[in-house]
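Asks: Residue numbers (our numbering), protein chains in the order written: chain A, 1 to 257; chain B, 1 to 221; chain C, 1 to 225.
The list that follows gives simulated cross-link-like pairs (lysine-lysine, PhoX-like), each with its CA atoms no further than 25 Å apart: (1) B:49 <-> B:116; (2) B:129 <-> A:79; (3) C:162 <-> B:176; (4) B:129 <-> A:125; (5) B:52 <-> C:222; (6) C:11 <-> B:80; (7) B:116 <-> A:120; (8) B:116 <-> A:26; (9) A:244 <-> A:41; (10) B:47 <-> A:68; (11) B:129 <-> B:49; (12) B:129 <-> A:120.
Have a look at the derived ranges for each label pair, beta carbon to beta carbon: (13) C:117 <-> A:130: 44 to 50 Å; (14) C:133 <-> A:184: 39 to 45 Å; (15) A:31 <-> C:6: 56 to 62 Å; (16) C:139 <-> B:208: 35 to 41 Å; (17) B:173 <-> C:15: 30 to 36 Å; (18) B:151 <-> A:37: 53 to 59 Å; (19) A:79 <-> B:39: 37 to 43 Å; (20) B:201 <-> A:30: 54 to 60 Å; (21) B:173 <-> C:181: 18 to 24 Å; (22) B:180 <-> C:87: 16 to 22 Å.
Coverage of chain B stretches by chain A, computed from C-beta distances (three or more under 8 Å per stretch; other residues unrestricted): (23) 113–124; (24) 131–141.
These are computed hints drawn from the structure, not numbers from a lab.
Glycine included, C-beta positions come from ideal geometry on N, C-alpha and C.
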Amino acid sequence: MEWLGVSIVDRKTDEVLLEIKGLYKKYDETTVLEDINLSIKKGEIVVVLGPSGCGKSTLLRCLNGLEKIQKGDIRFHNKSIVNNDVNWQEIRQRIGMVFQNYELFPHMTVIENIILGPIKVQKRKKSEVMEQARQLLDRVGLLDRQNSYPRQLSGGQKQRIAIVRALCMNPEIMLFDEVTASLDPEMVREVLDVILGLAKQGMTMVIVTHEMSFARAVADKIVFIDKGRICEISEPQEFFEKPKTGRAQQFLNIFQY
Amino acid sequence: MNLNWQFIIDSLPLYLKAAWTTLKLGFWGILISSIIGFVCSIVLYFKVKVLKTVIQVYIELSRNTPLLIQLFFLYFGLTKLGVALSETACAIIGLSFLGGSYMAEAFRSGLEAVSKTQIESGLSIGLSKTQLVRYVVLPQAFSVSVPSIGANCIFLLKETSIVGAIAVVDLMNVTKDLIGIYYQTFEALFMLVVSYLIMILPLSLLLTWLERKVRYAEFGN
Amino acid sequence: MQSLGISVLFKGMNMQRLFQGLMVTVRIAFISIIFGSLLGIVLGVIWTSKSKWIRSACRLYLELFRIIPILVWLFIMYFGVTTALNIDLSGETVSVIVFTLWGAAEMGDIVRGALESLPKHQIESGKALGFSFWDLYRYILIPQAVRRMLPVSINLATRMIKTTSLVVLIGVIDVTKVGQQIIELSRLEVPTASFWVYGFVFILYFIICYPLSRLSRVLENKWNG
Numbered sequence: 001m002e003w004l005g006v007s008i009v010d011r012k013t014d015e016v017l018l019e020i021k022g023l024y025k026k027y028d029e030t031t032v033l034e035d036i037n038l039s040i041k042k043g044e045i046v047v048v049l050g051p052s053g054c055g056k057s058t059l060l061r062c063l064n065g066l067e068k069i070q071k072g073d074i075r076f077h078n079k080s081i082v083n084n085d086v087n088w089q090e091i092r093q094r095i096g097m098v099f100q101n102y103e104l105f106p107h108m109t110v111i112e113n114i115i116l117g118p119i120k121v122q123k124r125k126k127s128e129v130m131e132q133a134r135q136l137l138d139r140v141g142l143l144d145r146q147n148s149y150p151r152q153l154s155g156g157q158k159q160r161i162a163i164v165r166a167l168c169m170n171p172e173i174m175l176f177d178e179v180t181a182s183l184d185p186e187m188v189r190e191v192l193d194v195i196l197g198l199a200k201q202g203m204t205m206v207i208v209t210h211e212m213s214f215a216r217a218v219a220d221k222i223v224f225i226d227k228g229r230i231c232e233i234s235e236p237q238e239f240f241e242k243p244k245t246g247r248a249q250q251f252l253n254i255f256q257y
Numbered sequence: 001m002n003l004n005w006q007f008i009i010d011s012l013p014l015y016l017k018a019a020w021t022t023l024k025l026g027f028w029g030i031l032i033s034s035i036i037g038f039v040c041s042i043v044l045y046f047k048v049k050v051l052k053t054v055i056q057v058y059i060e061l062s063r064n065t066p067l068l069i070q071l072f073f074l075y076f077g078l079t080k081l082g083v084a085l086s087e088t089a090c091a092i093i094g095l096s097f098l099g100g101s102y103m104a105e106a107f108r109s110g111l112e113a114v115s116k117t118q119i120e121s122g123l124s125i126g127l128s129k130t131q132l133v134r135y136v137v138l139p140q141a142f143s144v145s146v147p148s149i150g151a152n153c154i155f156l157l158k159e160t161s162i163v164g165a166i167a168v169v170d171l172m173n174v175t176k177d178l179i180g181i182y183y184q185t186f187e188a189l190f191m192l193v194v195s196y197l198i199m200i201l202p203l204s205l206l207l208t209w210l211e212r213k214v215r216y217a218e219f220g221n
Numbered sequence: 001m002q003s004l005g006i007s008v009l010f011k012g013m014n015m016q017r018l019f020q021g022l023m024v025t026v027r028i029a030f031i032s033i034i035f036g037s038l039l040g041i042v043l044g045v046i047w048t049s050k051s052k053w054i055r056s057a058c059r060l061y062l063e064l065f066r067i068i069p070i071l072v073w074l075f076i077m078y079f080g081v082t083t084a085l086n087i088d089l090s091g092e093t094v095s096v097i098v099f100t101l102w103g104a105a106e107m108g109d110i111v112r113g114a115l116e117s118l119p120k121h122q123i124e125s126g127k128a129l130g131f132s133f134w135d136l137y138r139y140i141l142i143p144q145a146v147r148r149m150l151p152v153s154i155n156l157a158t159r160m161i162k163t164t165s166l167v168v169l170i171g172v173i174d175v176t177k178v179g180q181q182i183i184e185l186s187r188l189e190v191p192t193a194s195f196w197v198y199g200f201v202f203i204l205y206f207i208i209c210y211p212l213s214r215l216s217r218v219l220e221n222k223w224n225g
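The following block holds chain A by itself, in its conformation from the complex (with noise of 0.2 Å):
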């Protein structure tokens, strides 16, 4: 699969939306993450890869609240959000995330999925909710979807239908945990291709996925981790090309045959 490399210079800034400082993760007896330290400026790409079980998705799923950490520090704009009086619904709806499974609701139609958070949890007008959903909708080319339900749909379909719902929510970053690891070969294009499109946007993102072209395409940063500790931060082509560690080229000797 070839990929258009996206412009790098144009997008980022210097602002530093994300700051993550010496965490530590435990479940249990077993430690899941240690010593994580990574900060992700506004328009920054941060590709997570690494070997099942090295901790990349619970370092994502720490990063909006659905994991605790027992050590460390979460910043998001410059303020600590691991402490217990954080107001985690009031911070999701700025740090929007998409799960392996979709998780669409199966109950509501797609339209309905995708409008419940804006109007319910951020109190907007309902037209204007629908405005946004209906042009987001289009965008991913399912605007004539709008009233089925998650059922009659595709896999691929549903990933781009939970995408949208996440970005309704007008988030300032997009975690992707894996999206395309539950997709038929054939529905993973449509799905990166969002994530692509996104990523022209300026849309600040942290994406853990196996999708090794697309990481190097889309990445501004590749992080590595491996055994829950970060291995190697590095530019894509600099990753992909000549790594600086050696489990990191174990890693990547994997997906050559």
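Got chain A sorted already, so can you dock chains B and C onto it with the hints?
Replies: Coordinates of chains B and C only, in the frame set by chain A:
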């Protein structure tokens, strides 16, 4: 077997009245059970301390003892301690007490069928806990519960046959009287069976249809 | 002076008679469960037949017991069948017949469900590995069928035990009837007797049924959870 049709026609009013009583008791029993069951299931789902244990004890006690004994205890036992209840009140309380735990189980299994990832999905678009329960969990829980709720309704309607034991003028008592006084055994039994068939068969078919409709809505097949 | 209510349970032969009544209950339940299960297993195997007529007949049999309350069946047997056939059957005999037939119907459904839910590919892989017909049943089918059936069967047994409480309404001298006799006799001395006696019967049923319920749930979680 030749049935005395004249007798059957003559005793129709009695049976209709008794069937109506049965339906009324069944209706109240089902309604109150559903409310009790729903509240209990919410408490169990949110694991509210203390209340959770109380309800678990309640469920075990009511599910592992016969309705007849519960009714005898209520009607004959509690009255001796100064609580005077009419036989209809006892019947409804007894049915609700038993039905409540069955409904609680039905609602609870529905709630737990909603996957954790659905909840996470709702959280990630910023829904509050209440909104999550109202818009994501309850609708899905309900459609999963429908078969069990339906089965419970039929179960409770059948259990009303027991309330005759505490002197409610229901179908069983009318039948017993007709057999005892007039010796029209087959006619009385015939009416009895027909009454229950008329009450329960349509309900059973309705619930099968409802089940299929709800299952389609969820899974499309 | 009126004695303390609960003492009525321990007066004279009361406790002994209560347990004799309990034995009647247990006897009815036990015989019905055993015979019902055996008949049910046979019925269940028959039910898996490919013939639509056989399956419909089995289904009708089950639905008869699912739609008509058990108490009504007890009445039908006790008053109706005895009159029709001009025979005299004790309440106990009638109870055993009705409960056995009911148990068999439900058990048949359970057995059929378990047999039909066995994954076909297991049978196919067994055959591919060279298992004989009997080996197939012994090592693959029966252990799995038992796992699916046992928790629900225990559940059925518990329901049957609870329903045996109804036999008092067709005159059987079970634990409830004995309790009622005690209450009647103690009317003057211990006016609150009914509270204690029925309370006692309530707890007796609980002591019998609760362990069975727990067992059913434990097995269900262990095998099919």
